[in-house]
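Visitor: One-letter residues, chain by chain:
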Amino acid sequence: MSPDTLAFLAAFLIWTCLLIYTLTGLADYGGGIWDLLAFGKKADRQQALIRRVLAPIWEVNHIWLIAVVVLVFTCFPKFFAWYSVELHTPLTWMLVGLVFRGACFVFRNYEPTNGGWNRTWERLFGIASLLTPASLGVCLAAVLTENANWQSAFAFSVAALVVAHGSLLAATFLVTETDDPDLQNTFRIRAILTGCITACLAGVTLYFAKSEAPRFFKGLTSGWDAILLHQVAAATGAGLLASLYGKRDSFLRPLVGIQTVALLAGLAVAQYPFLKYPQFDLFETASPPSTLVWTLGIFAGGSLLLVPALVLLFSVFRPHQDVLLEDR
Amino acid sequence: MNATFLARLAMGTSLGFHILFAVVGMSLPVLIVVAELRFQRTKDPVYEKLSYQWARGLAVLFAVGAVSGTVLSFELGLLWPGFMAMAGPAIGFLFALEGFAFFLEAIFLGIFLYGKDRVSPTLRLACGVGVALMGNLSAIFVTLVNGWMNHPVGAVFEEGQLIAHDPWLILTNPSGWQKVLHMVLAAWSAVAAFVAGIHAWELWRDRESRFHRVALEICLLVGIIPTLLMPVTGHLLAENAAHEQPAKLAAMEAHFQTERRASLWIGGIPNPDTQTVSYGIKLPGMLSLLATGSMDGEVKGLNSFPPEDRPPVRVPHFAFQIMVGCGSLLALLSILSLDRLRRGGEALKARWFLMAVVAAAPLGLIALEAGWIVTEVGRQPWVIYGVLRTQASVTPVAADPLGVRLLGFLTIYIVLGFTVIRFLRAYIQETRRLSGGTEE
Chain A
1 MSPDTLAFLA AFLIWTCLLI YTLTGLADYG GGIWDLLAFG KKADRQQALI RRVLAPIWEV
61 NHIWLIAVVV LVFTCFPKFF AWYSVELHTP LTWMLVGLVF RGACFVFRNY EPTNGGWNRT
121 WERLFGIASL LTPASLGVCL AAVLTENANW QSAFAFSVAA LVVAHGSLLA ATFLVTETDD
181 PDLQNTFRIR AILTGCITAC LAGVTLYFAK SEAPRFFKGL TSGWDAILLH QVAAATGAGL
241 LASLYGKRDS FLRPLVGIQT VALLAGLAVA QYPFLKYPQF DLFETASPPS TLVWTLGIFA
301 GGSLLLVPAL VLLFSVFRPH QDVLLEDR
Chain B
329 MNATFLARLA MGTSLGFHIL FAVVGMSLPV LIVVAELRFQ RTKDPVYEKL SYQWARGLAV
389 LFAVGAVSGT VLSFELGLLW PGFMAMAGPA IGFLFALEGF AFFLEAIFLG IFLYGKDRVS
449 PTLRLACGVG VALMGNLSAI FVTLVNGWMN HPVGAVFEEG QLIAHDPWLI LTNPSGWQKV
509 LHMVLAAWSA VAAFVAGIHA WELWRDRESR FHRVALEICL LVGIIPTLLM PVTGHLLAEN
569 AAHEQPAKLA AMEAHFQTER RASLWIGGIP NPDTQTVSYG IKLPGMLSLL ATGSMDGEVK
629 GLNSFPPEDR PPVRVPHFAF QIMVGCGSLL ALLSILSLDR LRRGGEALKA RWFLMAVVAA
689 APLGLIALEA GWIVTEVGRQ PWVIYGVLRT QASVTPVAAD PLGVRLLGFL TIYIVLGFTV
749 IRFLRAYIQE TRRLSGGTEE
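Quick mapping for you: the protein sequence lines, in order, are chains A and B. With the first letter of the first sequence counted as 1, position 290 gets the number 290 in the working numbering; the numbers rise by one all the way through. With the first letter of the second sequence counted as 1, position 217 gets the number 545 in the working numbering; the numbers rise by one all the way through.
For the record, the hints were derived by calculation from the structure and aren't laboratory data. Being a predicted model, the structure only gives us computed values, none of them experimental. In this text, a Cβ means the ideal position worked out from N, Cα and C, and glycines have one as well. Only true hints are included.
Part of the chain B face toward chain A, derived, beta carbon under 8 Å:
1. F421
2. G443
3. P495
4. I740
Taking the hints into account, I'd like the entire structure generated from these sequences.
Guide: Written out as structure tokens, the structure is:
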């Protein structure tokens, strides 16, 4: 296998882990936001549903993010060193959000008796759910911009877009996870609203990209691949709103899933072949072939072990069953 | 306080915090599996109960360990970008291995903890074994990273760049595996001692409790052999240091002059300015004997290295003395425990013995932290030994923001620590209500 192929595979693996993280971890954060925004008579039931569906058994959805970190410092170490310095501040905020969320999970689920702590942890949980996706967003924006500015209008709109998309994912999943028609409607409305907001934010982001990230803007709007992905994202978005409105729930997950794939693929296509323009061309920045072979090999072998283990785990805990996290 | 020192302090506290939970993940599953095996063999409900209570503790400690581990994975880049840029291609794959081991551990733990009514007892036990195996594996991979930092085998450096490396040599680094052995034994010993201390305390309060008696028994059984083996593995490590990191050996032994028939210091306060050691017990020729196998062997002194290559002396020396002291006391306790176990019956419940176990409870963990201080402070000024200096690998972020960061994370660790203690105390209270002082 040529060094270039290896480098491409490594970058593709990173992209895949980022995708899985978006569909799992980011959705978790979206759930946290709905938790924060739960109001009205049905607030308790909303929160109970969120806790049941999106509070994972062992809180390791962020491992996909760790996989991204490990892959980047192994396969593209100079790029890793660059962004660790340049984006030190937003990365620290992202870490704070991750830690708060992990800690809140511990406190919520392992509190031996119902202590009075829960109120504080709820608030912290909500803050964490905004902090991490927003930080991720500005870091992403900086990587897409030539001057690596994480505090531009473009960066903030990307941050808002990431938060919105996570919330959309969460709301959509929640609609499909409950049989209670009242709760379904609550989240249906929220999903539709968030879908519209996300669409607007996408437009705003594109607008700012034109002046602040021109190369990225050009990559997004020219070339058949980028334009096709754009159309897929738009079509699935519209389809999602229509399905939500028309209560065709079986379409929801595939649509939002495909849309997420299209969005992230569009990002990759627009950036290609750079991890960061202009210093880090993915082929020139990659680690030597021995590193890439071992790393890709470990991921391939590890996945072979992991997939049956995950299948076992999910077969043991089928959805729609109440999982007792702690015998009380 | 300069940026390098603050970064070292930040990394050190993160590691020091995380390691407590990591070793629990290595050792407690072993205790649980023993309890489960005994239950399957004897069908005695006390073992089932014990396994359940230990598993509850493991769950919360595992979750906190995952949080602190996340911090470390970020801090590698946030604090040491220079190190990661150079070392990433060489040791990154070890972190990939660790990640998979951790993920599998989490999955097995989930099935073990919550799958009681949903999977067969055999499969559940297999998952328990899986947790133990993966927990130890992930620690092994991380320790191998450190092994390479201290002895960068299989790598060619030129003009401050890593130009070639061999992953297989890095994976099979003998210095790394010696450290691995010592670390795994240390984890089992330290955690068994601590858990034994908790149960010994409870047994003291309620001497009729069968629950706590069998718990204590299992802890002692698991902990004794590792504790007694550690002086051997420790000695091997010191011999390794004599060859590969003589400056580190000199620092931890407070050995200033290169000489034959070098003396071993027990205790003592090193004075780097005057190059003397005060108040210690001096054993002539013993350092040469231990380090080289012969009393006439030459042991390099600290002042044979240029000043900029010398590690600090006081911290490694104190830490080393603490580690050996605690380890020796635990070894003594292990021998006493063997005697108690051999006598059987009520021998374990002897008041003096229970007191000793309670008093010894923190010693293993203290030795663990002290040992890591020896090897990491003794490694200075290098982050890749002989190749890259710590100062050259640190982030260019200024000292003040680093200081603020450090304070913030210390606060988080303190809060997490207190919460963990609160939870564990509550769990222990619950076992008191359950056992109620009767045959349970």
